[in-house]
Amino acid sequence: MTSIHIVTDENKVGYEAVLDEYFRLRHEIFVGERGWRDLARPDGRDVDAYDNEQATYLIALDDGRVVGGLRLYPTLLPHMISESFAHLVRGRDVLSGPTILECTRYFIVRERRTGRTDCRLLAAFQQFCLEEGITEVTAVVEMWWLPRWQQAGFKVRPLGLPTLIEGQPCIAAAIQVSSDSLRHVSRLAGLRGSCLVRAEAHAFIDRVPHVAA
Amino acid sequence: MSGRSLDHTVQAFEFIEELDRLASPQAIIDAMGRSFAQFGFENFIMTGLPHPEQQIESLVLLKKWPLGWYERYTRNSYDRHDPVIHLCRRTVQPFEWSEARFDPETNPRGKEIMQGAADFGMRQGYCLPIHGLNGFEACLSMSGPDLDLTPQAKPAIHLMTMYAFERARLVLAPSPRPNPLTTREREALRWAALGKSAADTGEILGVTERTITAHIGSACTKLSAANKTHAVARALQHRLIEI
Chain A
80 MTSIHIVTDE NKVGYEAVLD EYFRLRHEIF VGERGWRDLA RPDGRDVDAY DNEQATYLIA
140 LDDGRVVGGL RLYPTLLPHM ISESFAHLVR GRDVLSGPTI LECTRYFIVR ERRTGRTDCR
200 LLAAFQQFCL EEGITEVTAV VEMWWLPRWQ QAGFKVRPLG LPTLIEGQPC IAAAIQVSSD
260 SLRHVSRLAG LRGSCLVRAE AHAFIDRVPH VAA
Chain B
14 MSGRSLDHTV QAFEFIEELD RLASPQAIID AMGRSFAQFG FENFIMTGLP HPEQQIESLV
74 LLKKWPLGWY ERYTRNSYDR HDPVIHLCRR TVQPFEWSEA RFDPETNPRG KEIMQGAADF
134 GMRQGYCLPI HGLNGFEACL SMSGPDLDLT PQAKPAIHLM TMYAFERARL VLAPSPRPNP
194 LTTREREALR WAALGKSAAD TGEILGVTER TITAHIGSAC TKLSAANKTH AVARALQHRL
254 IEI
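If you read the sequences in order, they're chains A and B. Under the working numbering, the first residue of the first sequence is numbered 80, with each subsequent residue one higher. Under the working numbering, the first residue of the second sequence is numbered 14, with each subsequent residue one higher.
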């Protein structure tokens, strides 16, 4: 069964193989499938300026295989909306604050798009944000995602009008973090409890390979 | 041009804020009628897309359509042949009705449908597909004799329709909140709704008048109602009791 792992700078040592697979899938999906040519890299890994020690990843794993993921980044730092998509925000008044994160690079692998993986990742996302005291999450998203979020029970407020990006109408929006939304999406995901895995770095220490001097 | 697109932004955001205050399907239809008239829309329908064994009538959320056209459309199951519905299933992007091409050879009824709509004043149209979670498919299709579908207007219309759809879905969904009233409180209110006094109700239920008055009192508190009449009205309005 799919579980969603929190991967941060602190515990990434235990997720090396997972992260490599995750960046490879991002390249496959965002460059290969969606055609975001600007992200193309010869090593076939989508890694950008925001993949740094400030980023938190929620990665959906099934039997050790990556089936989806998203990236969260603090809005107090220069982030994608403030640096690249401020024109999508009404009055260029970019939303930022200590309890506001930005979500980017959301994906589910192709063979899992008809099932409940979306709802599981969205449930883990709400739960993680609640646990971390996050109140809102901003994102730029293709318009056809908006009713899906709403159907998942998310309260989403638009930050500007839809604007064409790579020929697709996209919108900057803020998702409210709430226990109501978590309850609703957990029900849709068929979850009785949590599917969020928070592994401490020390749990992996034994597994870190010793490097010969 | 930027002045105009700014107007559209203001208009879209005001409409979205207004939607939050609307509690009934008719209120949403009225607000949509007013707001979308500014783009030339006179008619619209918000509906789920039927599976082969479903009737479209059972999936319609909201509509402002000429009655004659709705009757003709449903009587003839036009949704099976409607080029707009066909395209709606295949794209996530909004499109103008004129973009919904069809081959008169393979779909002879396509022309009959588009012509029929035009005869009812629905000459131009704009359709906004919705592809939700778990295979849910729906659309909002809007029309009028002369539309403002400029590149400035379309993004505003797109955003407004997605929020109108969400509001309609929430208002029409069965209340997810459990009934706050106990069985006894519901019984007391139901008899009150039928004109019985507390004494009558006590006699019917085999308890004292004072007990009934206490049930009504606690129901009033739960419903933030000023008195028994107010509580009955609220309970009926929110379908907490039925008579």
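What the hints contain is simulated information worked out from the structure, not anything from laboratory work. Keep in mind that a hint or two might mislead.
Here are the simulated DSS-like pairs of lysine-lysine, each with C-alpha atoms no more than 30 Å apart in a straight line [said to hold, decoys possible]: (1) B:K209 x B:K76; (2) B:K209 x B:K77; (3) B:K77 x A:K234; (4) B:K241 x B:K167; (5) B:K209 x A:K234; (6) B:K124 x B:K167; (7) A:K234 x B:K235; (8) B:K241 x A:K234; (9) B:K209 x B:K241; (10) B:K209 x B:K167; (11) B:K76 x B:K124.
Predicted model only: the values in this text are computed from it and were never measured.
Here is how each hint holds up against the structure:
{"no.": "1", "hint": "B:K209 x B:K76", "in the structure": "39 Å, violated"}
{"no.": "2", "hint": "B:K209 x B:K77", "in the structure": "41 Å, violated"}
{"no.": "3", "hint": "B:K77 x A:K234", "in the structure": "27 Å, holds"}
{"no.": "4", "hint": "B:K241 x B:K167", "in the structure": "50 Å, violated"}
{"no.": "5", "hint": "B:K209 x A:K234", "in the structure": "43 Å, violated"}
{"no.": "6", "hint": "B:K124 x B:K167", "in the structure": "26 Å, holds"}
{"no.": "7", "hint": "A:K234 x B:K235", "in the structure": "27 Å, holds"}
{"no.": "8", "hint": "B:K241 x A:K234", "in the structure": "35 Å, violated"}
{"no.": "9", "hint": "B:K209 x B:K241", "in the structure": "11 Å, holds"}
{"no.": "10", "hint": "B:K209 x B:K167", "in the structure": "56 Å, violated"}
{"no.": "11", "hint": "B:K76 x B:K124", "in the structure": "23 Å, holds"}
Comparing the model with each earlier hint shows violations of hints 1, 2, 4, 5, 8 and 10; every other hint is respected.
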